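Asker: Sequences are here, hints too, so could you generate the full structure?
For the protein sequence lines, the chains are A and B, in the order given.
The first sequence begins at 1 in the working numbering and counts up one residue at a time.
The second sequence begins at 1 in the working numbering and counts up one residue at a time.
Keep in mind that the hints were calculated from the coordinates and are not lab data.
No experiment lies behind these values; they were computed from the predicted model shown.
Just so it is clear, CB atoms sit at the ideal spot from N, CA and C, and this is done for glycine as well.
Honestly, I wouldn't trust all of these hints.
A few chain A positions that, by computed beta-carbon distances, are all more than 10 Å from chain B [stated by the list, open to error]: (1) Leu45; (2) Gly130; (3) Phe178.
Using 30 Å as the maximum straight-line C-alpha spacing, the simulated DSS-like pairs for lysine-lysine come out as follows [stated by the list, open to error]: (4) Lys38(A) with Lys143(B); (5) Lys222(B) with Lys227(A); (6) Lys202(A) with Lys146(B); (7) Lys173(B) with Lys202(A); (8) Lys209(B) with Lys38(A); (9) Lys208(A) with Lys173(B); (10) Lys183(B) with Lys208(A); (11) Lys208(A) with Lys146(B); (12) Lys183(B) with Lys38(A); (13) Lys33(A) with Lys146(B); (14) Lys33(A) with Lys173(B); (15) Lys202(A) with Lys183(B); (16) Lys143(B) with Lys33(A).
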Amino acid sequence: MHIFEGFLPSPWWQLWFVFSIPVIFFGMYRLNKLVSEKRELLPLLAVAGAFIFVLSSLKMPSVTGSSSHPTGTGMAAILFGPAIAAVLSLIVLLYQAIFLAHGGLTTLGANVASMGIIGPVFAYVIYKAGMKANINFYVVVFLATAFADWATYVVTATQLALAFPAEVGGVAASLKGFLLVFATTQVPLAIMEGALTALIFKYVIQVKSDALVELNVITESVLNKLKGAGQ
Amino acid sequence: MTNILDDYALVSPLRYRNNWLKIAIVGFGVLVGVSSQSFIPPFAIALCMSFTTVHFGKTSLKFYLTILSAPAVFVLLSVIIIAFFFGSGTEIFGFNIFSYHLGVNTGGLEMALLVFSRTLSGMSCLFFLALTTPMVELFSVLKATKLPDSFIEISMMMYRYIFVFLEVAWGIKYAQTVRLGYKDWRTSLTSLAMLSTTLFIRSWEQGEKIFISMSARCYDGKLIFFEEKRPIRANELVLTCTYFAVVLALWYLTRINSIF
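Answerer: Put into structure tokens, the structure is as follows:
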């Protein structure tokens, strides 16, 4: 969910930049280290970013009949880890602001915080925990993406509520309002996106499983188990 | 499908103007718009930027209004919530649902109008940049920042591959549509998953291929582009300064009328 340009008033958009910039710098540091060690990763990361952009510009059939976009940042977090996912989503969000006028420049900090940092961190933590607990790979992917989406949605609602507290009841009351209104689209959407990402991983494992092993997404033994179950 | 505004920027007559001037105009509009306390300066900015985009940038008015309505759903929903929850003053209208009273008062309505105008001005500034400046021109600006090379390299390569993959994605989507791949909700989900997978595999293979081809051409982590020098013309400078002065004057005059 993008917050549009000019929507957040003065102290808040700066504060979200203060939150996001250190994380982005850490991500860039990690990226630089990774790229100087393995130079062949640079084009790969670039095409991965392009993939996220194209994925998020595709329209997804939504339950209510309106169209929505899958975000793809959950997938990036599972593939590359949250630090690099944050940098990639910064570039994607910047391009979306400039190409498609989705989101904005002053709200970039807030959008990066919700979609590029907190969402992917949720996805990554759930993914790692689920794989450790030996739950089925597809279920873990589904849960990680869906919860990353919900985390993004709750953070966006919080950002709006903090900036516009209600006269009666303060932040809590307006948070309730924003959560209720956006729930109509975001709750079913997250389930759809989880299912879509799980399906994508299913096809990728069938066709090009070595890519996932190379990125340390899954281990050889899990892969063999999944392939064995599929046959 | 998606309107890639970059296509319009490439043919815009304003493309060959100084990039820094355009960025200064956009930055100024965005910052003044977001910090104004009244709805008048943002509306003035929105009007000026829209006029510039449509008149000088030769964008068709109909197309401009269509893209401007894109963020409308999000903005309207959020503005309605603000109108109901925010501010004090006399109540304009209200109603009861489930023994819960909801009402709009003057403070809330004023706030909603202000937020709406700020968003409108911000969007029109972004559209000005999007419709007159192709990304290729902005890379020189990006290079002037002291961000790490790897970040800039990735952004540039990503830009190139966005178009490659969009073409692939649209081709596959048409092929799927004519084969009734999107006839109902279930098939659409499967089709979309297949499309995304093909895209992922394509991008992976493409990533390996460009690395080989670029290494073969002595790529050492730095792409170098030719940058044209475009001095700012006098009339552009005068027009920009007049615009800045008018907006700043409006901002100064309306700043006392604060609702915070």
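Asker: Does each hint fit the structure? Answer for all of them.
Answerer: Hints, one by one, checked against the model:
no.: 1; hint: Leu45; verdict: violated, 6 Å
no.: 2; hint: Gly130; verdict: holds, 20 Å
no.: 3; hint: Phe178; verdict: violated, 6 Å
no.: 4; hint: Lys38(A) with Lys143(B); verdict: holds, 23 Å
no.: 5; hint: Lys222(B) with Lys227(A); verdict: violated, 41 Å
no.: 6; hint: Lys202(A) with Lys146(B); verdict: violated, 41 Å
no.: 7; hint: Lys173(B) with Lys202(A); verdict: holds, 20 Å
no.: 8; hint: Lys209(B) with Lys38(A); verdict: holds, 16 Å
no.: 9; hint: Lys208(A) with Lys173(B); verdict: holds, 21 Å
no.: 10; hint: Lys183(B) with Lys208(A); verdict: holds, 28 Å
no.: 11; hint: Lys208(A) with Lys146(B); verdict: violated, 38 Å
no.: 12; hint: Lys183(B) with Lys38(A); verdict: violated, 44 Å
no.: 13; hint: Lys33(A) with Lys146(B); verdict: holds, 17 Å
no.: 14; hint: Lys33(A) with Lys173(B); verdict: violated, 38 Å
no.: 15; hint: Lys202(A) with Lys183(B); verdict: holds, 22 Å
no.: 16; hint: Lys143(B) with Lys33(A); verdict: holds, 20 Å
Checked against the numbered hints given earlier, the structure breaks hints 1, 3, 5, 6, 11, 12 and 14 and satisfies all the rest.
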